[in-house]
Amino acid sequence: MDMPAKPKKKLGLKERYAVMTRGLGWEPSYQDIDDIFSMDSFEGIKIHDWDAWEDPFRLTMDSYWKYQAEKERKLYAIIDAFAQSNGHLTVSDPRYINTVKMFVNGFAPLEYMSHRGFAHIGRQFRGVGPRVACMMQSLDEMRHAQTQVHAISNYNKYYSGMENFRHHHDYLPYLQVPKSFFEDAATGGPFEFITAIGFSFEYVLTNLVFVPFISGAAYNGDMGAMTFGFSAQSDEARHMTLGLEVIKFMLEQDPDNVPIVQKWLNKWTWRGVRVLTLVAMMQDYMLPKRVMSWAEAWEIYFEENCGALFRDLERYGIVMPPCVEQVRKERDHLSHMAWCQFYQARGTSNFHVWLPSEEDMDWLSQKYPDTFDQYYRPRFEEWRRMEEAGTPFETTGINMQCQVCQIPMFFTEPGDPTRLAQHHCHHEGEQYHFCSQWCQEIFEDEPEKYIQSAIAGHDVFKGKAIRPEADPTAEDFNPAAEALAFWKLENGRDNGLHYGSQDERNFSMWRGLASSNS
Amino acid sequence: MPVNAVADYDFPANDREENFHGARVIYAGWDKHLMFSSPYAWPLPPDLPFAHFLAGPLAEAFGQHPDFAKIDWSQAIWTKNGEAFSPDLDKTIAENGLIHKDSLRFETPGLDGIGGQFI
Ligand SMILES: [Fe+2]
Ligand SMILES: [Fe+2]
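Residue numbers (our numbering), protein chains in the order written: chain R, 1 to 518; chain G, 1 to 119.
Worth flagging that the hints you see were computed from the coordinates, not collected in a lab. Yeah, the Cβ is synthetic: ideal placement off N, Cα and C, and Gly gets one too.
Distance condition first, Cα-Cα at most 16 Å in a straight line; then the derived EDC-like pairs of lysine to aspartate or glutamate:
1) R:462 / G:18
2) G:32 / R:413
3) R:464 / G:18
To be clear about the criterion: a stretch of chain R counts as covered by chain G if any three or more of its residues have a C-beta under 8 Å from a C-beta of chain G, and this derived list gives those stretches:
4) 41 to 48
5) 402 to 410
6) 428 to 434
7) 446 to 455
8) 461 to 475
Just need the whole structure built from these sequences, with the hints factored in.
What follows is the structure in structure tokens.
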């Protein structure tokens with residue numbers, strides 16, 4: 001028997017959105033709602049009406065799949081082409097590859113952490129709108145981690161420093177800075193996490209990350225990295241909007257939320273800028289063809305864009321985080337201090353370093369007329385003399401680190417570039433040291449949290465940088481060599497100076513083969 | 001302010017002295033010598049004479065600098081956690097009153113880095 005064909009009812013966009021997001025929620029009848037969503041109240045954020053949440057994108061799951069699959073197909077076609085045409089040999093200069101190493105070790109694992117964080121809060125918010133938005137962001141972040149690792153695997157086939165990126169992210173001292181940043185956020189409650197990552201990192205600071213890496217990739221002939229950057233960009237627009245919407249939602253729901261949000265903005269702006277020290281350094285020192293200086297990027301993306309944002313938030317009673325005053329004072333010092341640190345501690349890094357050439361230094365003097373020639377050029381010139389004399393300067397000592405940001409204590413006093421800053425406090429019979437007043441304030445707000453910091457240098461002293469099979473009581477036990485083995489750093493290959501490295505020699509040889517017949 | 005948490009939140013400090021196998025962590029930095037980007041840290045036995053600390057770990061860390069050999073330790077000006085400190089070179093780390101995670105800085109009058117430029 002024939003069934004009469006029923007006309008299919010096609011839903012309008014608005015209806016469809018309602019059914020596919022809000023319509024997925026329900027009122028619990030035999031469980032207490034506070035038990036189901038047990039984590040969205042302990043931080044003290046008061047939400048009176050979750051339905052007041054406006055989803056700015058109105059994306060539903062089915063269109064999400066369709067849209068992302070399309071992007072993915074294009075991206076992987078380019079990644080394949082990159083592999084087949086030896087795309088790694090088209091980059092401007094082999095030094096560029098070190099930025100790729102820093103990216104896969106320092107940044108891609110944060111995308112994965114972000115995936116986990118958003119999956120967690122996508123479960124914890126009781127409002128359906130933000131929950132769906134967080135779930136989609138969680139999927140985006142997983143894709144970002146995967147596509148970055150896939151794109152960069154084309155470099156890993158030829159160059160050192162990338163094959164242990166997970167292990168390095170977990171244990172290599174310098175990578176504890178980005179790792180602990182994200183762990184700090186992920187161990188906050190859902191509202192703090194989304195303020196930290198969704199707002200401070202993705203909204204306030206995102207351009208300061210994306211411009212140097214993605215435009216830097218484009219300027220330096222790296223098609224692979226450029227493509228995943230652009231592929232992620234449309235997601236970033238959605239993430240930034242989610243971050244901003246959440247902030248506004250909290251501020252509008254209850255005036256008691258304002259001081260809590262302000263505290264988080266103060267904390268996460270500072271934490272974010274401290275992590276961006278790595279990016280500032282990469283931008284000023286590691287890109288063979290530069291996009292713009294850190295100082296210029298700060299002026300455009302923070303002072304101009306974020307200045308306007310904070311003025312917009314004033315109507316809720318939000319003010320510019322006070323730490324910004326210090327960030328301004330450090331603006332013309334940050335990248336130089338960091339490169340000085342990485343140059344001298346090059347034995348424990350998984351990328352290579354070099355001294356800036358005369359041409360590089362002239363660019364730096366031009367971009368930093370008030371600081372470079374006076375404070376940093378003489379240091380590089382002295383190190384150049386030492387390299388030329390065959391006694392290159394290198395430190396093997398373990399740096400003192402800040403208890404909160406975990407960066408070696410290389411920051412100078414905000415008003416005195418000739419004196420290293422140190423801050424100090426006591427808590428329950430123990431003493432702690434900080435790079436700045438702001439890291440100290442973060443500690444003092446939640447000392448119970450930061451007394452647990454895993455400080456990389458201290459872990460070496462405690463005997464934690466030892467492989468299970470090693471015998472520290474053996475006669476010939478060498479703790480420094482053992483630490484390198486534990487970190488999976490191959491001394492002389494993964495670390496050290498760029499010029500003369502295996503990577504530099506191979507690149508030149510392959511490029512020579514690729515561009516000539518002999 | 002105590003930490004905000006969903007459950008009891010009480011964990012011991014990660015870097016208590018007892019976790020360092022009998023050593024105590026001491027930091028030291030050399031003022032006006034920014035060739036060394038930050039102070040260094042060492043796990044030191046509390047019964048180590050201060051002079052041995054200077055001749056051993058400290059010299060290893062800072063000895064590459066041409067100023068280091070010229071230091072007259074009787075003239076050096078020390079601070080500990082920002083306060084004046086006068087170590088007795090013949091006494092040990094513990095006898096000098098140094099406790100776990102003390103931060104030392106020293107200045108060497110007349111030695112202001114390469115070319116007097118704090119390098
Ligand atoms: Fe992402
Ligand atoms: Fe810090």
